[in-house]
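K.L.:
Each chain, letter by letter, is given below.
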Amino acid sequence: MALKIAMLGWEFPPFISGGLGVHCFELTKALGERGVLVDFYMPKSQIVPDSPHPNVKIIPVDYSSFEGEIDLHDAEFGPYYKFLKTIAQTTQSDQNSREFVETESESYGLNFFEAVGRYNFLVAKLVEIMHKKRHYDLIHAHDWITAKAGISASKKIRKKLIFTFHSTEFDRTANLSPFDWILAIESEAAKNAAHIIAVSNMTRMHVSEKFQVSPNKISVVYNGVDMSKFKSNAKKEHFGISGSVVLFHGRLSIQKGPDYFLRAAKRVLQLKPDVRFIISGKGDMLPQLLSDAISLGIMDKVTFTGYVSNEHLPYLYSIADVYVLPSVSEPFGLTVLEAMINGVPAIVSKSSGVSEIINHCLRVDFWDVDEMASKILAVLKYTELKEMLSDGAKSEASYFSWKKTADETLLVYNKNMS
Amino acid sequence: MPDICLYFHMHQPKRLKKYSLFHYKQNDLEQEYFNSSMNQHYFEKASEKCYSPALKLLLRLVEENHGKFAFSLSVTGTFLEQALKTKSGREIIETLQQLSSTGRLEFLDETYYHSLASLFPDKSEFISQVKKHSEIIKDLFNQTPKVFRNTELIYSNEIASVVESMGYKGILTEGIEHVLGWKSPNYVYKNLNGNLKVLLRNYKLSDDVGYRFSAKWWADFPLTADKYASWLSGTQGDTVNLFMDFETFGEHHWKDTGIFEFLGHFPSESLKYQNLSFKTVSETLEKEAKDQIDVPYNLSWADMERDVSAWLGNKLQGACFFKLQQISEKTKILNDENTSHIFRLLQTSDHLYYICTKSWADGDVHKHFSPYKENTPYDNFINYMNILRDFEMQLDQKLDVKAKEQSEVLSFQKMLNTKNIFESASFSALAASRR
Chain S
27 MALKIAMLGW
37 EFPPFISGGL
47 GVHCFELTKA
57 LGERGVLVDF
67 YMPKSQIVPD
77 SPHPNVKIIP
87 VDYSSFEGEI
97 DLHDAEFGPY
107 YKFLKTIAQT
117 TQSDQNSREF
127 VETESESYGL
137 NFFEAVGRYN
147 FLVAKLVEIM
157 HKKRHYDLIH
167 AHDWITAKAG
177 ISASKKIRKK
187 LIFTFHSTEF
197 DRTANLSPFD
207 WILAIESEAA
217 KNAAHIIAVS
227 NMTRMHVSEK
237 FQVSPNKISV
247 VYNGVDMSKF
257 KSNAKKEHFG
267 ISGSVVLFHG
277 RLSIQKGPDY
287 FLRAAKRVLQ
297 LKPDVRFIIS
307 GKGDMLPQLL
317 SDAISLGIMD
327 KVTFTGYVSN
337 EHLPYLYSIA
347 DVYVLPSVSE
357 PFGLTVLEAM
367 INGVPAIVSK
377 SSGVSEIINH
387 CLRVDFWDVD
397 EMASKILAVL
407 KYTELKEMLS
417 DGAKSEASYF
427 SWKKTADETL
437 LVYNKNMS
Chain C
893 MPDICLYFHM
903 HQPKRLKKYS
913 LFHYKQNDLE
923 QEYFNSSMNQ
933 HYFEKASEKC
943 YSPALKLLLR
953 LVEENHGKFA
963 FSLSVTGTFL
973 EQALKTKSGR
983 EIIETLQQLS
993 STGRLEFLDE
1003 TYYHSLASLF
1013 PDKSEFISQV
1023 KKHSEIIKDL
1033 FNQTPKVFRN
1043 TELIYSNEIA
1053 SVVESMGYKG
1063 ILTEGIEHVL
1073 GWKSPNYVYK
1083 NLNGNLKVLL
1093 RNYKLSDDVG
1103 YRFSAKWWAD
1113 FPLTADKYAS
1123 WLSGTQGDTV
1133 NLFMDFETFG
1143 EHHWKDTGIF
1153 EFLGHFPSES
1163 LKYQNLSFKT
1173 VSETLEKEAK
1183 DQIDVPYNLS
1193 WADMERDVSA
1203 WLGNKLQGAC
1213 FFKLQQISEK
1223 TKILNDENTS
1233 HIFRLLQTSD
1243 HLYYICTKSW
1253 ADGDVHKHFS
1263 PYKENTPYDN
1273 FINYMNILRD
1283 FEMQLDQKLD
1293 VKAKEQSEVL
1303 SFQKMLNTKN
1313 IFESASFSAL
1323 AASRR
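The listed protein sequences derive, respectively, from chains S and C.
Residue numbering for the first sequence follows the numbering used here, beginning at 27 and increasing consecutively.
Residue numbering for the second sequence follows the numbering used here, beginning at 893 and increasing consecutively.
Excised from the complex, chain C in its bound form:
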């Protein structure tokens, strides 16, 4: 008897500026590196086409079904920051707040910056970003997430044990055959030698909506809510985990494909079946874990490979990622909140994604999502690397200043100490002579 566990992911990156080596530098690094007008443009377009209508529809569905419809969501910090800056964005947050107060929307945690920090050998950067995400979700929606989803569902035994040590009860990842073997994604599992529950995406049924919904070449086109509900009802297992981008509704599939009608009828059509009900991620995790899963390498939900090659598949991406790690060490030494924030905005995985040169078939998908229209992955690399190098240079200067200040403080302290020692020594000598 499967339950339906619906989870959506909501994200907007802060896209980079066309960065020139030959221009007058601005002091505000966020203005210097990020294209605020382009970001606002994309945000408002997506709000109008997707976020705003889809969230209002979801709110209506929760109300109409009197608690029988529920879903889960994670929203990146870079999304929320941009939302807070515009009127349409603040309305989106309000709708989310209303949904949160119904108790039928559960928020998950992820990295605030949609970064790949979980892949750094040193996990402290990753942990800080997740904490920061947890704080903004608490602030805005008054929820403390218990379940974690990593950027692009990236998962490995190592990441799972870090997440477990942070106190989370569960984690989401991809349910792909080469990891599962004979196992079905429709049960709850645990991480290797641990107690972190793992929910696996049923990629076939998820992609029927997220990917194939508007595909005319698909044998099951057009997909209707009643047909889909009948498939779900006929599925074996404890849970059907349907994980997809929130942008499925109105962005990946435009309004005229009928995606909103589909979503509108999906809960009532599903609830017609005795054996189907909607559960949030935490409710799903209450089921007993059937087995543990062993993932020694990095798994994700991206591309055919389901690995991290979309972000780290070529030399150029490798060079950028290495640069990010080098900078990470330096920002820790500087320990300045604003500088760290800019650095973390630069860590958003989208920047690496646009440098992907994988097989041109996959490359086409990457191109579709690229905001830097005419640019090749080479151009995107140059722009990103130029920005990272500039940022590193600025960081080095700040570190120099800090080191100088520190050495001045140190030598001053040393002087004081020497004096004290001298004084105390002479004092004790004096005292001794008086004895």
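Chain S on its own, in the form it takes in the complex:
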């Protein structure tokens, strides 16, 4: 009997704002390849993403999910049908309901939270209905954004909840001002889950300490990287760039530490003026970063690319001489692996999950801007260092694959089946 999993997600390519979407796509694909049947629930938007594997069924969720396309008119859903119709009518009048997935999830607007709440409510109901037909073995929810639905559905269908922490509220707010109610949801999820998956040991320890659950209940499953998607053979010349390039790529938010990157850039330029710094990504810190770059007097050396799609991202890696991940708190740090498969030497914040498993990188404290600058300079100046880091990075990153991530996730599933 094939395992049947109800997986609750939030984003999926092409709608991605971070590692969560990549993880879910690659995980479901690899699970599908291993014969696991996955129903992947996610908010509905205008375009339904393609399923990564025939065993994976994408179930877009909004009020309309309860009619038409997923064939819920059946008599067996009778009692619910009327109920859902009511929800549908109330939500239909809400202009924002269709827009919530297009809303950037980093802009924690009121509508966003409302949308999350509604999504969770609908998913819980829908899983309960679908279970009658699909007979799920487990529920697997990802991050606080699907936690409520996971907990509620798990209780209703009496199946164990597996919960993955891709990050905690502490990470996302750089420990500064976490929302108590989000922490409460995370804590509830940690307590209600039969087993927890953390994307690094760092996150495992955070979850264990902050939410008071035994570390034995938490397994570490590292992210993978898909070589074929991020490897590029482009060269600087193709883009008319000469000189050294130092790259930051990620959400421009306090969690990711782009401001430390800028300060390090200033230090580097004091000793080596012919370096270009690229800041790629979007986010609420952009205005501050622009004004910082101007007041530091380095605006002409810094390029802000704005949002870069996954399709174009490999080009950025291919022209970079150094990749910097200056995160204040980074549960994993997928982009480091992406840079590494391109042979880009990485300078990685010690407060990151990826730094605990990678040898061939340089580690820094995110706040130690001088040290960050000194390491950037060292990679740019010392050819042998760059070569060794590059060779080491390529071979080390090749050990990471989503197949491995899926295998380890499957292990967690199987242990929780008895």
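Any given hint might turn out to be false.
[To be verified] Per label pair, the in silico range of CB-to-CB distance:
1. E413(S) <-> S980(C): 40 to 48 Å
2. E382(S) <-> K979(C): 39 to 47 Å
3. T409(S) <-> K1179(C): 48 to 56 Å
4. M1058(C) <-> G323(S): 42 to 50 Å
5. M325(S) <-> V1293(C): 53 to 61 Å
6. E413(S) <-> N1049(C): 27 to 35 Å
7. E1069(C) <-> S268(S): 51 to 59 Å
8. G1210(C) <-> G266(S): 42 to 50 Å
Hints were generated in silico from the structure; no laboratory data involved.
The C-beta atom is built at its ideal place from N, Cα and C for all residues, glycine as well.
Let chain S serve as the given structure and place chain C on it in line with the hints.
P.N.:
The following block gives chain C in isolation, referenced to the frame of chain S:
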């Protein structure tokens, strides 16, 4: 009938500072590059755990056995410099002086700075460092060493012939099968086509103490002095050469492993056997050489490979070593004693050792000895290379100044000479006209 030739090596490097590119420079380069507080900390810790108790025990053993117990030792200059700066260090030197005056402790020479200068194509740097070591041993212990041990027992035909040309009678190196072939390490040999006697470490019996003594996985654990003496007595050959780090006693094996009790009973247990006696290195060299050994490449006592890959095994180490050679040429031109001293402190092989990235199994050993705790070999490379580059920059500036001064002196001399020539020419012209 084997004799026991015990040799210990004593060394403390001057460890580097965490060097930042963004700080106000100090004029004193030793303060600038070396972490004196960390060095003092390590020195005092090692003195207390190892040097002080072990040397006092050795002195007692020499006295108790009335001349029948003897051993040999080499101490690096970087060790002695640090010892002279602290009270516990000066006491260590005093104990060594007492031991030296008994005639049962023989000092060997090595490079003052525990460097890899023997591997530079130009051997003059190596020769100067060995001479400097010889001087400090003469000054402190009133001995002129006749036997040489190179850093980490690094040996090759080439190094042996340089050492021979410096007048040494013998040299120590590793006795490993891939060099010896059918030969036993338990005899005296000569270098290839030369007259320098070579003593080879019996690595198995040496490592039984130096490495395996506290290893619970070892079939012969625990090792007792009487058991060990019986092994030595049963060994075939003229000599059993037991070469190890002095830090074996109290550092590599802590006090609670019983290592001091082992050392305390080792001489008396050995002397119970008619066929065992203790000899210093020079006494051992008096035995006839059985054959010559041919080592065309660099051999050492380090790691499984017994080569120089622990210091020069990767690109990063190669880059640093190349930089050292470049700087070496420049310091020769500058010819300033203090600058050379700093440069040579930077040559201590430990700095390169911490950049080793060999198989992580070996790497673990390297990590164990690394004082730069959280640092990866990459971090250590960056720090070391940044220091070397800074030093080179300072050197270049000094050379510029010197070159300027010299060119001024030269042009002044030239002016004087021209004037002389002119004067003498006009003088002779005048003289001629008068004739």
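K.L.:
Please go over all the hints and tell whether each is borne out by the structure.
P.N.:
So, going through the hints one by one against the coordinates:
no., hint, in the structure
1, E413(S) <-> S980(C): 40 to 48 Å, "45 Å, holds"
2, E382(S) <-> K979(C): 39 to 47 Å, "43 Å, holds"
3, T409(S) <-> K1179(C): 48 to 56 Å, "51 Å, holds"
4, M1058(C) <-> G323(S): 42 to 50 Å, "59 Å, violated"
5, M325(S) <-> V1293(C): 53 to 61 Å, "40 Å, violated"
6, E413(S) <-> N1049(C): 27 to 35 Å, "33 Å, holds"
7, E1069(C) <-> S268(S): 51 to 59 Å, "55 Å, holds"
8, G1210(C) <-> G266(S): 42 to 50 Å, "35 Å, violated"
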